[in-house]
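So the sequences go chain by chain: A and B. Position in the first sequence counted from 1, then plus 20, gives you the numbering used here. Position in the second sequence counted from 1, then plus 74, gives you the numbering used here.
A hint or two may mislead.
Unchecked claim - So the derived label-pair ranges between C-beta atoms look like this:
1) A:R59 to B:Q101: 37 to 43 Å
2) B:Q169 to A:S38: 27 to 33 Å
3) B:G175 to A:D292: 31 to 37 Å
4) A:R34 to B:L176: 43 to 49 Å
Claimed, not checked - Covered stretches of chain B (chain A as the covering partner; in silico rule of three or more C-beta atoms under 8 Å from a C-beta of chain A):
5) 116 to 125
6) 137 to 144
7) 147 to 156
Calculated directly from the structure, the hints in this document are not laboratory data. We put the CB at the ideal spot given by N, CA and C, even for glycine.
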Amino acid sequence: MADDVSRLSDELARDPASLTFVPLGEALRRRGQLDLALRVAVRGLERHPHLADGHDLLARIAADRGELQRAFDEWDMVLRLSAGHAGALRGMGFVCFQQGRLDEAERYLDAATAENPADEGIAQALVTVRAARHREAPAVQPPVAPDVRAIEPPTTDDAGWQDTLERVAPDEVASGHEPPSDPTHVHDARYLFTVVLEDGDQTALLLDRDGLVLGGAYFDHDGFDVAQEVGAELSGVTDAARRATRHLALGDWTSIVFETEVAVVAMAPSVDDGLLVLATSRATPLGLVRRLLDRCAQHAVRWLGERAA
Amino acid sequence: MSSAFTAMLDGLTRQRGVRAALVASEQDGIVVDSSLQIGQSGDRVAALAASLYRKARLSSQAAHLGAVSFMQLEAPQGRLCAVGAGSLVLIVVAQSAANIGLIRVEMLRAAADIPALAGGGFA
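Given the sequences, and given the hints that come with them, work out the whole structure.
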């Protein structure tokens, strides 16, 4: 195990952009080094925000740390990225069970079973939940689970766990499970635009009128989130653009695009004098950049509307 | 009175749809030279455009994206374009129907000449 961690650490150091952070984080989690595992997972996700296995790792670490809601949110993200992900379904069932939400736990585990009928761990968990529900009937929702030890959180030690990491077709999601249909329902604001962006080399950020970050992230080429720094420098852009277009009688500004040595950055006005910022690689055609900017802008408006509601 | 930039700016304003071309200091937006086909204050246009360009450059620097080569602000009735050249910024105001691809190429070409035209005083 120690050799594994050492080998994987070396591998990740040689190629920080690789996906090695997933097995490394998992190895650390299994050794109980949860803080270190968490740092590895978060850093890896900064580079690969659309990687379902990365979010799955983060969810398992959060579950081990007792952060059930965060674990649930991360598994929810996994389902957005990889519909029908049995590991995520099982994990969400685990969290619901821990929280005494037995009906929901059963639905998630039903769906997980449909995705992976051979997984005995899931089947056993489902039996346990149903038994608990039977004991609780006709109570509506128990405040806490009757036996929280009955269902273990997902772990790679389980037989068939790796199989659950396989992507399955969206229409194979079992009827008992209904993944959130509204993609604007995002729990972690950093991942606000994950459902809109198409490639790992695209990143988007939503700023308020003062340049403070509302959502999204802005990753530099080293994988660091520099959203706050970028927001600070862009503070006042909306006002300057408005004054310029008003002075020149050009109408309300719709976008600002600038090209750099390695990227194309596009900006659009957002709600309440906010600013939407999208960065893509230079290889991205300008027409696609504009389309992505429009989609991000619409997504941001829906998200802000939901938060205001 | 003509300056070292006059011919370059006149060449840009001869492009179809270009309403104004200016060279200004990026730091404070003060106009160095201009060729205006509009009856508005070039000073204010230069100050606002230079401010926008500076913000773009600083945000690019914060994100480690390298130097900004071309910036354009788009609105229904026209565009404001800017290209940096050392401490100066070349600014063009164009109508929305103008050929922005051509203008971009001409601006990048003109900006490459600015250090020589400025004689090392600005660039």
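Taking the hints in turn, this is what the structure says about them:
| no. | hint | verdict |
| --- | --- | --- |
| 1 | A:R59 to B:Q101: 37 to 43 Å | 41 Å, holds |
| 2 | B:Q169 to A:S38: 27 to 33 Å | 49 Å, violated |
| 3 | B:G175 to A:D292: 31 to 37 Å | 34 Å, holds |
| 4 | A:R34 to B:L176: 43 to 49 Å | 46 Å, holds |
| 5 | 116 to 125 | holds (count 5) |
| 6 | 137 to 144 | holds (count 8) |
| 7 | 147 to 156 | holds (count 8) |
Checked against the numbered hints above, the structure violates only hint 2.
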